[in-house]
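Residue numbers (our numbering), protein chains in the order written: chain A, 1 to 438; chain B, 439 to 876.
Hints are supplied without guarantee of correctness; some may be wrong.
Stated by the list, open to error - Computed Cβ-Cβ distance ranges for the label pairs, DEER-style:
hint : chain 1 : residue 1 : chain 2 : residue 2 : range
1    : A       : His255    : B       : Glu759    : 35 to 41 Å
2    : B       : Glu759    : A       : Gly337    : 56 to 62 Å
3    : B       : Arg769    : A       : Glu124    : 41 to 47 Å
4    : B       : Glu759    : A       : Gly254    : 30 to 36 Å
5    : B       : Gly561    : A       : Glu33     : 54 to 60 Å
6    : B       : Pro812    : A       : Ala223    : 15 to 21 Å
What the hints assert, rightly or not - Below are the BS3-like pairs computed for lysine-lysine, each with C-alpha atoms no more than 27 Å apart in a straight line:
hint : chain 1 : residue 1 : chain 2 : residue 2
7    : B       : Lys547    : B       : Lys483
8    : B       : Lys547    : A       : Lys325
9    : A       : Lys45     : A       : Lys109
10   : B       : Lys763    : A       : Lys45
11   : A       : Lys109    : B       : Lys547
12   : A       : Lys109    : B       : Lys763
These are calculated hints, taken from the structure and not from any lab test.
We put the beta carbon where it would ideally sit given N, CA and C, even for glycine.
If you want the building blocks of each chain, they are given just below.
2 protein chains.
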Amino acid sequence: MIASAPAGADPSRAIAYARQPANRARWIGQLGELLTFASISALPKHRADVRAAAEWLAGHLARLGLDGSRLVPGIDGGPPSVYADWRHAPGQPTVLLYGHFDVQPAEQKDGWQTDPFRPTRVGETIVARGASDDKGQFFAHLKAIDSYLRTDGRLPINVKVWLEGEEEVGSPHLESFLDRYPDLLRADATLVSDTEMAGRGQPSIVVSLRGMLIADLRVRSGASDVHSGRFGGAVINPIHVLCRMLASLHDQSGHIAVPGFYQRIPDTPRVFTSLERRTIRPAIDVNGIAGGYVAGSKTVIPAEAMARLSARLVPQQDPREIAEKLRCHFRAVTPAGVRARFTISTGSRPTTIPRDHPAMHAAVRAVTRAWGVPPRFTCSGGTIAPVEALQRRLHVPVVLMGFGLPDDNIHAPNERLHLPEFFRGVETVTHFLAECAR
Amino acid sequence: MIASAPAGADPSRAIAYARQPANRARWIGQLGELLTFASISALPKHRADVRAAAEWLAGHLARLGLDGSRLVPGIDGGPPSVYADWRHAPGQPTVLLYGHFDVQPAEQKDGWQTDPFRPTRVGETIVARGASDDKGQFFAHLKAIDSYLRTDGRLPINVKVWLEGEEEVGSPHLESFLDRYPDLLRADATLVSDTEMAGRGQPSIVVSLRGMLIADLRVRSGASDVHSGRFGGAVINPIHVLCRMLASLHDQSGHIAVPGFYQRIPDTPRVFTSLERRTIRPAIDVNGIAGGYVAGSKTVIPAEAMARLSARLVPQQDPREIAEKLRCHFRAVTPAGVRARFTISTGSRPTTIPRDHPAMHAAVRAVTRAWGVPPRFTCSGGTIAPVEALQRRLHVPVVLMGFGLPDDNIHAPNERLHLPEFFRGVETVTHFLAECAR
């Protein structure tokens, strides 16, 4: 038996509003506008697109009826974020709604069937970069707010909305942001919808995230590319060295061979399941490699080759300590005659979310009301850098209640949002805001 | 004591012409025009530039006074070549002058200090892609012809000029060309200037070239890129597999570890010198590698990674046999769960040039006259695919008398031609044509 929501926190009118086809159609159109911004934070040439998405959102939050909607300037040249709030529920808790409007890179030639920034309706999905990660998901928060303000003219609790523009590059300025604006994001809990469900009709709340370390390894052997006919066999080829160094990261069975990597975590000799290996076990992956010339027959020995790699970390693994172990390992396997440079670009700690908190209880009730089944608590293999930072700095739990599906193709070509899950997500957030009320 | 040239083959007026500053200045201007064509045969987008260079050359050969200058259509969609001749010396031998007007790829961002296709005078050099390899070098042939025809109105022997447009991609249509035009290139000897001297003032004639094999290795593990947070640790990363497979090509000491690779050649356990390793010993080099994403923080596990590699082969090594050994090796080291595809794009055999031939003797005399010292006979580590084919098919030796210097940066950024060597090269070819006369 689920406890009733307190008086004055009745979501029924908002939910009825969210079910009207005309409203749904309008929302899909609005989300389509948001998805046209190529807000790729990893690529400097898309700086203006990131900013344009922020401006569009600031306007949208103001039109919803939130107060003080504005761009908050980025720190140290980072992109702006978007903030607005509604604080007219005295005595009620305040929930911070977090989302990120920046997206992963996407180019049609990577295998997209449609232009990644021309949102396309395919059956019950919208295909576009950012459709699920994370524009479509945080948009569900905004439409829950929309539904309340258009019907009741008020929200059941206080909310702050903060939308970030550099999550996909590891939120490098978030700590400085929290230093500069120590009170801006203060709340009783944070809600983040940037995770996936176990499957259709199987809602889940994520209670652990892997940490991450992103780094570059560059191997340089000469001052300039040389001709492989004239020098092949007599000079060191940095591609060969890089391949050998990267191959040394794992043993033949795929076990990580960096000394001390497993030091702080249980490393029983048992075989882990696929699910375990991608959620509660650490991993190191080379995400990209480049060197020399592959577009034609240019027989060079390049002066340099490089790889970008990332490690996924589990509790007890500290990114700085792991970075140091990787640095030592690469130093040990660097042969004479080359210069290897290992550079960390970003790191974030693994996160565990406490389950026993009023906001988490409210989330469980909200999911159960909206989906008819209680959520599963799941461990995610991904990393949402701000979740760790927000939880540690704001001292309140981050409720990871996401509405993505495992086949949303996030970070991959043909990313998509399943609309039935999106609309159910709106209802879930609507219930959540009511359930948070005292 | 060097024997005199036969009567009627006096190069003195041509040589005096080649030394006049006004003529040299005009030639530098002409070469500058030729170097502006971005005639990169490896890149389809430069097809029109390759053709434009051919057309410019056909016009230039006609203006020199050669007969029948024309574009010869390429075979199977290959680029056209350029042919012209002068055959008014009955009873005298015929020499085929070969050169190639296509060039290696070059982009300013690769480390060029100037635009690679805006030839720039820097001290006593011209900096441009193709300045030394091979536009500047075969241009010395043309200017020797120019000098004779402007002074004597005739050449001491018969010549055929054939300029090719796909040497840098391994002359893939040359065999078919020789099948289709069996008589066009028939001659008593071939002269190729596409090699380098031992150093300034140290002319050399190359008497062996390494063979070559160019191939791609592609490793594919999935249908599409996936997110390394969600899947890292649980799926096979094709970059890891590719690195491991490429690392297996050599042992720790750099010795090639492909079974049977050294089978037909003496492989004494002694240490080879650097010069030996780059000329008379075989080599395998990865010339390029690509996979995933290195331009930003895109944490993907790509579906595919690929490398382009080349082997340099020495006498007794057959490219087809070596290709098969590489294929077997890669098959043996391909782990379960991935598909590895090994594709040969071109191969050519190693070449040895006979030294005891009238044209070779003429070359030795010409070099000695022009430089004051006899040439060294050297072994080159490079590959000039047409040299092997021309020698085998035309049954006459290819005299490899080049005027490049070891620091010409061929196949690398800031390629350059040293003008003193170029002008001395013109005189050497002028002497050579006279010395070939009976």
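Cross-check of the supplied hints:
Separation of A/His255 from B/Glu759 is about 38 Å and conforms to the stated range, judged on CB atoms against 35 to 41 Å. In this structure the hint that B/Glu759 and A/Gly337 lie 56 to 62 Å apart at CB is violated, the actual value being about 32 Å. Judged by the Cβ atoms, the range 41 to 47 Å given for B/Arg769 and A/Glu124 holds: they are separated by roughly 44 Å. Hint check: B/Glu759 to A/Gly254, Cβ distance near 34 Å, so the stated range 30 to 36 Å holds.
In this structure the hint that B/Gly561 and A/Glu33 lie 54 to 60 Å apart at CB holds, the actual value being about 59 Å. For the hinted restraint 15 to 21 Å between B/Pro812 and A/Ala223, the CB-CB distance of approximately 34 Å leaves it violated. Proximity of B/Lys547 to B/Lys483 is assessed by CA-CA distance (about 18 Å); at most 27 Å being required, the pair is judged to hold. In summary, the hint linking B/Lys547 to A/Lys325 is not supported, as the alpha carbons are separated by about 34 Å, beyond the 27 Å threshold.
Among the hinted pairs, A/Lys45 with A/Lys109 is consistent with the structure: their alpha-carbon atoms are about 18 Å apart, no more than 27 Å. Straight-line distance between C-alpha atoms of B/Lys763 and A/Lys45 comes to about 46 Å, which puts the hinted pair past the 27 Å bound. Restraint check: the Cα-Cα separation between A/Lys109 and B/Lys547 comes to about 23 Å, which is no more than 27 Å; the hinted pair holds. For the proposed pair A/Lys109 and B/Lys763, the alpha carbon gap of about 35 Å is over 27 Å, so the pair is violated.
Checked against the numbered hints listed earlier, the structure breaks hints 2, 6, 8, 10, 12; every other hint is satisfied.
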